[in-house]
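If you read the protein sequences in the order shown, they are chains A and B. Position 210, counted from 1, in the first sequence is what numbering that gives the first Met the number 0 calls 209; the numbers after and before it change by one each time, with no gaps. Position 229, counted from 1, in the second sequence is what numbering that gives the first Met the number 0 calls 228; the numbers after and before it change by one each time, with no gaps.
Calculated from the structure, these hints are not laboratory results. Treat the hints with caution; some may be incorrect.
To be verified - Looking from chain A toward chain B, a few residues come up when the C-beta cut is under 8 Å (computed):
(1) Leu59
(2) Pro77
(3) Pro218
(4) Ile222
(5) Tyr257
Glycine included, every Cβ here is placed at the ideal spot set by N, Cα and C.
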Amino acid sequence: MIPQKPLLKLEQVDKAFERGGQSSVVLKGVDLAVEKGEFVSIIGHSGCGKSTMLNLIAGLTRVTSGVVFLENKVVDAPGPDRAVVFQNHSLLPWLSVYDNVRIGVDKVFFRTKSRAERHLWTMEKLELVQMAHARDKRPSEISGGMKQRVGIARALAMEPKVLLMDEPFGALDALTRAHLQDQVMAIHAGLQNTVIMITHDVDEAVLLSDRIVMMTNGPAAKIGEILTVDLPRPRKRLELVADPAYIRARQRVLEFLYERHGFVEAA
Amino acid sequence: MTRPLINAEALRGAVKVTRAGSVPLPSDAAPPAAPPARYDFAGAALKQAKAVATAVVPPLIVLFLMLVFWQLATSAPNSSLPSPTKIWADSKDLIVSPFFNYGPQDLGLGWRVLVSLERVAYGFGLAAIAGIALGALVGQSQWAMRGLDPIFQVLRTVPPLAWLPLSLAAFRDANPSAIFVIFITAIWPIIINTAVGIRNIPQDYRNVAAVLRLNQLEFFWRIMLPSAAPYIFTGLRIGVGLSWLAIVAAEMLTGGVGIGFFIWDAWNSSRLSDIIVALVYIGVVGFLLDRLVALVGRIAARGAPGV
């Protein structure tokens, strides 16, 4: 038994989408508990419903049956306590980098922080992702990696209980991606926050996560296996390459994805 | 994508045509010589002058040729329309001094245009507010669209002046009736374009708003308006053009001091030269109105995609 109540809990969650009178089951019977401070990755082939799972936790879509609990409260709507880093950054193009973060800060801390405090808080989060220098730039003027960093700053600035990341580095080149992974690790080490990340990159999952949730193929996908990554932090990507524990973990995930649940291309 | 309310693409296309009507700057075809060591001020000034000249000279030449042709075509003594030189002789005071004031019956055209513009400002301003609000409703709500869209589609085809008898009967006064006609003429493209713009707000922005828990009003100001701004301003540009068309027609019927009534009055006293001068005024003002709204749109929608 787990001694303390988990921060986030999914209980027998089903999700089906209705389209044209036909119902297609995406997720079936998903159970998951995430502890405070944990970094959990969800990995699976495309179409297995991992983004749907994140949207359910975020409250952007509603469960068909089952319950999502956050601190023992039922999740039924989106909110800043489950801030999302979207796959394609989703910064508002008419706002500056600063205002993109500030809009969330103003919303969440309107009552609890003064104007000056909100300004400092915004700048602090921009500095955390090393984007303070570009505060007055517009999203169209900065690179993809920078946009994603601002997206992370915006999410962190809401001080979420769970940070949700939907393939945050999927659209980036390999070098930028490695750089951002290191930053996310550093931020997680500093804040000890709870993170759930969707990914389809095995190395990324093993490098960043405390636990890796592996999804079976859809339709009616469920959690196939959960792997605990027993690697000490801070983790260094260069040292890990030769680490036997790292290699074992990587092997387990690859085996799951390509041997037991190989992606079946729809004919 | 859902079915667009009307072919907004076509409407926007219409605007683009007028924009394309202005002479495009030719792309610099000449390959640059060896890069200059220092910034070449004289060369830059020359380039600038060249750009201005390519934009200004062709229309001037065409205008000159048109005037020559016009002069030749109407120079016969029994010609039914006045020639440019005759217009100059007849209506020199109207052309040279737009702001003379010799009593309410004898005003410069500048004053008359301003009176008409005031009516347009009221009518178009109301149409902009109501049109954006209604367009937001239709764009946001499936049920509002189902209920209102067919009605809008029917009403928008009613010619502006067909509304005038009804509005005269309702308001019992010429001025509010003219304003109403402008309002009802300008509102349809604003509603329709706003609705299309709002239906095209990316789901990502809606998700961001949902996570931030923006309320309806915040969503309207911070997401909806900026995101749909390019569409809204396209609607406003079409609307302001239509309202300028409507004011002239409406004033012909309602009387008063506006530029529209001036034309009607000049026709009744056979002052054809005055009418032609008034037409030029109307055209130039309409052009400036369009440019003004486009400029405001560019400033307002800075940074939004598609601008």
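Closer than 8 Å between Cβ atoms is the bar; does Leu59/A clear it against chain B? Give me holds or violated.
-> holds (6 Å)
Answer holds if the nearest beta-carbon of chain B is closer than 8 Å to that of Pro218/A; otherwise answer violated.
-> Violated: closest Cβ of chain B sits about 22 Å from Pro218/A, beyond 8 Å.
Was the hint right that Ile222/A lines chain B, CB cutoff 8 Å?
-> Violated - the Cβ of Ile222/A stays beyond 8 Å from chain B, reaching only about 24 Å at its closest.
Given hint Tyr257/A near chain B, where the shortest CB pair must fall under 8 Å | violated (32 Å)
Tell me if Pro77/A is really an interface residue toward chain B, meaning its C-beta lies closer than 8 Å to one of theirs.
-> holds (4 Å)
In this structure, the earlier hints numbered 3, 4, 5 are contradicted, and the remaining ones agree with it.
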